[in-house]
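Engineer: What follows is the residue order along each chain.
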Amino acid sequence: MGLLAKAPEGRVAALLDAEISRPAFTWLRAPEIGSTMVRARAGATGAPFNLGEMTITRCALTLETGEVGHSYIQGRSKADAEVAALVDALMQTAMASRLREAVLEPLEAGMATMKAARAAKAAATKVDFFTMTRGED
Amino acid sequence: MYVAVKGGERAIENAHAWLAEERRGNTDVAELSIAQIREQLSLAVNRVMAEGSLYDPDLAALAIKQAQGDLIEAIFLIRAYRTTLPRFGASEPVDTGMMACDRRISATFKDLPGGQVLGPTFDYTHRLLDFKLAADGEVPKAPSRDAGTATVPHVTEFLNREGLIEEAPHDDTPPPDLTREPLEMPADRALRLQALTRADEGFTLGLAYSTQRGYGRNHAFVGELRIGSVPVEMDIPELGFAVEIGEVILTECETVNQFTGSKTEPPQFTRGYGLVFGQTERKAISMALVDRALRWEELGEDNVGAPAQDTEFVLYHADNIQATGFLEHIKLPHYVDFQSELELVRKLRREAGAQQVQEAAE
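Protein sequence lines, in the order shown, are assigned to chains A and B. Numbering of the first sequence is given in my numbering, commencing with residue 30 and proceeding in unit increments. Numbering of the second sequence is given in my numbering, commencing with residue 1435 and proceeding in unit increments.
Keep in mind that the hints were calculated from the coordinates and are not lab data. Ideal placement from N, C-alpha and C gives every residue a C-beta, glycine not left out. Do not rely on the hints blindly, as some may be mistaken.
[Stated by the list, open to error] Partial selection, computed: residues in chain A whose CB lies under 7 Å from chain B:
{"no.": "1", "residue": "Ala73"}
{"no.": "2", "residue": "Thr74"}
{"no.": "3", "residue": "His99"}
{"no.": "4", "residue": "Ala151"}
{"no.": "5", "residue": "Ala153"}
[Unchecked claim] Stretches of chain A that chain B covers, calculated by requiring three or more beta carbons in the stretch to come under 8 Å of a beta carbon on chain B:
{"no.": "6", "segment": "59-66"}
{"no.": "7", "segment": "80-90"}
{"no.": "8", "segment": "102-110"}
{"no.": "9", "segment": "134-146"}
[Said to hold, decoys possible] Some chain B residues well away from chain A (every beta-carbon gap over 10 Å; in silico):
{"no.": "10", "residue": "Gly1459"}
{"no.": "11", "residue": "Ala1568"}
{"no.": "12", "residue": "Glu1572"}
{"no.": "13", "residue": "Thr1694"}
{"no.": "14", "residue": "Lys1697"}
{"no.": "15", "residue": "Gln1790"}
The task is simple: from the sequences and hints, build the whole structure.
Structural biologist: Written out as structure tokens, the structure reads:
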């Protein structure tokens, strides 16, 4: 679910629709935009405090075969919330391994590449200190 | 005399129509897209998210466009939108130790594990206008270098091995929330941090600067400053466990402050904490300094009467939406109020005049 929540907009839909045609489902809770209060800790490790909110979208649906899918994703895209819940439900069916390969793994790889590219740029800005020879002799 | 006044609807409508036209500017110039603002004015977007207290870069970019670049007006729009959202819950406290750092520096320890990582910073630039940006140009690709995947530890962790630095012991007290309950005194640290992280950058900077210049001096060093993304996890009631629901970019500043000890605390380094949405480094450092100044009471320090030590003064004046709301309302029609003031001044002058005539006669 974490992968689905953080995926770039439209990415999960593109991967899923390339692999299967979407099964029918009924809404348990139609997509709804709201917020969550992000908390942090004083001094990084101390008592929690409220840092501010972030937008999230959630929904829940059930497949005709009975599996229930939930999604809570960052941002305000109802289409992304729908497809995330659909994948969540399908991962409980016999299609799980197929979707892991076709949707989740490419998603994970894509995000890992992006993270690695950022980390590599950060690493290039790491300071290499050197000490000048002191003129004491 | 009280006179009910109606009217001005036409004028208001026309004013807003003209505002829309002025916002668009010269139509020979291409219109700005939300994506352009989000990508190319990202530090403005970050400020609007931080002080609007809502993490959503697209909404912040829209607000900046709508506000014609007036950031406080944009923050106002975000705060107003925020109140329309149902709240689904609160996240687990984010773990900044897990941050994927774009930048991480320490002004106190040169050779810290993980190194000094400058990141995309204005520091060490010459602050000369770059006229190349006035012409369209390709940006050269930023160099990269092999990076480890390990997370970097907080600097205070290894200063603490000697026990020289104040600890921030783990605690799970549910924090008060000033968006749900009015901000009241005394404010504990959790409430102060919430107020400070959404406080006006300029006000916070000014107060922080005042502590450096001697008004409640607390000798701050930047122990660590880090910017990067952290995952946000929330407990999902339907599932009964916490899952990642997204990722936010944060700026965290921990100051290390000289402290000679007090009646209750031994000599040690004390800490101030700043944590702000987005890449908002000036604000995070300012927040840490003001946080530290406001902690005088719990550390048993003297209140020297400095503005930055006065919790009520700081917290009640730090919110730019409250401030601008009250400040700007005085430009709205006050005809009736003013009429009564006018009557009063006329009466006082008449009385004063009468007294003078009387004195002259005596």
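Engineer: Regarding the hint that A/His99 lies at the interface with chain B, is the smallest CB-CB distance below 7 Å?
Structural biologist: With a minimum Cβ separation of about 5 Å from chain B (threshold 7 Å), the hint on A/His99 holds.
Engineer: Non-interface claim for B/Gln1790: all C-beta distances to chain A beyond 10 Å?
Structural biologist: holds (61 Å)
Engineer: Holds or violated: is the Cβ of B/Gly1459 farther than 10 Å from all Cβ atoms of chain A?
Structural biologist: B/Gly1459 is indeed farther than 10 Å from all Cβ atoms of chain A, at 28 Å.
Engineer: Taking 8 Å as the C-beta cutoff, is the stated coverage of the segment 134-146 of chain A by chain B satisfied by three or more residues?
Structural biologist: holds (count 3)
Engineer: Taking C-beta pairs only, is B/Glu1572 more than 10 Å away from all of chain A?
Structural biologist: Check passes; 17 Å lies beyond 10 Å.
Engineer: Was B/Lys1697 rightly flagged as not at the interface, with every chain A Cβ beyond 10 Å?
Structural biologist: holds (22 Å)
Engineer: Under the criterion of a CB-CB separation shorter than 7 Å, is A/Ala151 in contact with chain B as hinted?
Structural biologist: Holds - the Cβ of A/Ala151 comes within 7 Å of chain B, reaching about 5 Å at its closest.
Engineer: Quick one: see if chain B covers the segment 59-66 of chain A, three-plus residues with Cβ-Cβ under 8 Å.
Structural biologist: Result for this restraint: holds, n = 6.
Engineer: Take the segment 102-110 of chain A, compare each residue's beta carbon with every beta carbon of chain B, and decide whether three or more fall closer than 8 Å.
Structural biologist: Since 4 is at least three, the answer is holds.
Engineer: Answer holds if the nearest beta-carbon of chain B is closer than 7 Å to that of A/Ala153; otherwise answer violated.
Structural biologist: holds (4 Å)
Engineer: With chain B as the partner, please determine if A/Thr74 meets the hint condition of a C-beta pair closer than 7 Å.
Structural biologist: Check passed: Cβ of A/Thr74 comes within 5 Å of chain B, closer than 7 Å.
Engineer: Are there three or more residues in the segment 80-90 of chain A whose C-beta lies within less than 8 Å of some C-beta in chain B?
Structural biologist: This one holds; 8 residues, not fewer than the three required, reach chain B with a Cβ under 8 Å.
The structure fails none of the hints (numbered hints given earlier).
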